[in-house]
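Novice: One-letter residues, chain by chain:
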Amino acid sequence: MTERKTLLAYLFLLPALLLFAAFFLYPVSTSIVRSFTDWNGFNSAFKWVGWRNYETVWSDTHFWEATGRTLKFAFITTIAQTVLGFLIAYFIYSLVSERWKKLLRIAIYTPVILPGAVVSLLWVNMLSPNFGMVNQWLNKLGLGSFARGWLGDTGTAMNMVMAVNTWKFIGMTVTFYIVAMLTIPKEVIESAKIDGAGKGRMMWNIFRPLLTGITEVNFILSLIGGLKAFDLIYMMTGGGPGDSTTVLGIMVYRRAFLSFKFGEAITMGILLFIIILVLTLISRKLMANREG
Amino acid sequence: MLRNRLARWSNYVLLSLITLIILYPMIYMILNSLRSTKEIMLFPTQLWPSGKFQWTNYADAFQIGKVSVYFLNSVTVTGATLFFQLIVVTLAAYSLGKWKPPGYRILFFLFLATLMITSEMTTIPVFLMLRQFDLLNTHQGLILAYIGGGIGMAIYLIKNFVDTLPKEMEEAAKIDGAGLLRIFWSIDLPLIVPVLAVVSIMSFVGVWSEFFWALITISEDKLKTLPLGLLNFQSQYNTNYGVLLAGLTIVTLPSMLVYLLFSRYFIEGMTAGSIKG
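Residue numbers (the working numbering), protein chains in the order written: chain D, 1 to 292; chain C, 293 to 569.
Treat the hints as calculated values from the structure; they're not laboratory data.
No residue lacks a Cβ here, since even glycine has one placed at the ideal position from N, Cα and C.
Be a bit skeptical, because a hint or two may be false.
Stated by the list, open to error - Computed cross-link-like contacts, DSS-like style, restricted to lysine-lysine with a CA-CA straight-line distance of at most 27 Å:
#1 D/K5 x C/K466
#2 C/K459 x C/K390
#3 C/K390 x D/K5
#4 C/K330 x D/K140
#5 C/K344 x D/K5
#6 D/K186 x D/K199
#7 D/K261 x D/K47
Unchecked claim - Chain D is nowhere near these chain C residues, computed Cβ spacing over 12 Å in every case:
#8 G371
#9 S478
#10 I479
Next comes chain D alone, as it looks inside the complex (with noise of 0.2 Å):
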């Protein structure tokens, strides 16, 4: 490699380097020394407080609340996503017709590109106690007892946010595994069937084994999303009715935002990356001795 080679090379390389520095390294690294101060992101005096910061987030309830709902979101709309998700995809992959196909994979693909912001005024909107769709449509089939201010009861808001967000990223599952499933030969699945293999036998025989590949892949993407949710439950609940839907994505933005603790708020930051890195590996591990 000549010399001019090189230089052109690195040359090309320093508008990349300067951002990564200064968008990953640099802040990385800031998170973990600025989360042993006492900083409150104003001024810039701070104190070393050593491991104070993670004490006070440890031993703070609403800090554990919170991880309880996170989990809680990201299990739930994880499993949906994959086991609906899969679902469809098998029923969209055994049509007949192509047109009906292609349509299809277009149509469940289209929420995952809508702004979270529309997504989740359209919902609140459509979930509202008056005349929301949902509830006239309760009214409608004779189940006006169940109608509610969907967002605004303790008891449902979560259940809601969960599922708009399930609606929301399913396409992406069924897409990935519409595409996995094309990949198949089509002679395992012929010589199934002339074995006599029924739908529910071929979907747990045949399919999910030979998808464990992109079921992994599904499972951590929506985990990690899951994990990370803000957008939807930002703009639908604010994190309320009461605290029932803050999750740490909510209270990383309020602790930092709206009461300027940042060492607290990068301290969280840290533990939900912690978290999300933990579980990545487990679900990756377990997945993987399933299928050796």
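Starting from the known structure of chain D, arrange chain C on it as the hints suggest.
Specialist: Chain C only, in chain D's frame:
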């Protein structure tokens, strides 16, 4: 035979139901964006409005709701982000994939590592950094944050594509005396356009919809992008549902159009990194 046909029909019924659940909210949004609040409250909603289409909802959203301002802001921010991001990531990915300077493996690994880092680790320091440089409440700050956040994925996708570039044309060009830059610009760049298209489409949809960065960095109303502006808009039009839905439709249309026109690129982009792995 009959059983087969029945099974097939039940399949279609089930799928139509699923499609309806998926699409109903969007159809509801678009149809009701052309109605008066009074008509929206009627139930069941007629597919076709009994009165005239309320095009004024759109006019109101644009003018009184200031969607025109937010829209322009979104176009500026998204356009600038895409433009600069594409330049930065194309140069970097080309260098890594084609010229492989000493240490390129480590550098590539660093860019990949950004995919593992969650925004919770970076948001607050970046926010404070932008404040230090007086970039809060500016489009420049927002654009910088967007460009910086997305480089990992883009470099990964483009570099994988650069790895597959053919050598023959280049050899011929070298004999004709073409330099490194000439080969980059006239021979290789046109060949990587397809992957650049994938990257820009994905980046467009991401930036157009982005909410969190806009929320924490922009507080001045006239600088807000569409997703953020919608929040004001919602409180302003709490009772005028038609106008609210018109606003939502306006935000949705660009992403929807891009998606419908380029839907196959979405699948390509999504599956590029994950299926094989």
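Novice: Each hint should be assessed against the structure and marked as holding or not.
Specialist: Results for each hint:
Using a Cα cut-off of 27 Å, the hinted pair D/K5 and C/K466 holds, with the two alpha carbons roughly 14 Å apart. For a cut-off of 27 Å, the pair hint linking C/K459 to C/K390 stands: about 10 Å separates their Cα positions. Of the pairs offered as hints, the one joining C/K390 and D/K5 holds, with about 11 Å between alpha carbons and a cut-off of 27 Å not exceeded. Our distance criterion of 27 Å between C-alpha atoms is met by C/K330 and D/K140, whose separation comes to about 18 Å.
With a C-alpha separation of about 67 Å, the suggested pairing of C/K344 with D/K5 is violated against the 27 Å cut-off. Between the alpha carbons of D/K186 and D/K199 the distance comes to roughly 16 Å, so the proposed pair stays at or under 27 Å and holds. Using a Cα cut-off of 27 Å, the hinted pair D/K261 and D/K47 holds, with the two alpha carbons roughly 14 Å apart. With a least CB separation of 17 Å from chain D, C/G371 remains clear of the 12 Å interface cut-off, as annotated.
Chain D leaves C/S478 outside its interface by the beta-carbon criterion, the shortest separation being 16 Å against a cut-off of 12 Å. No Cβ of chain D comes within 12 Å of the Cβ of C/I479; the nearest lies about 16 Å off, and the non-interface call holds.
In this structure, only the earlier hint numbered 5 is contradicted, and the remaining ones agree with it.
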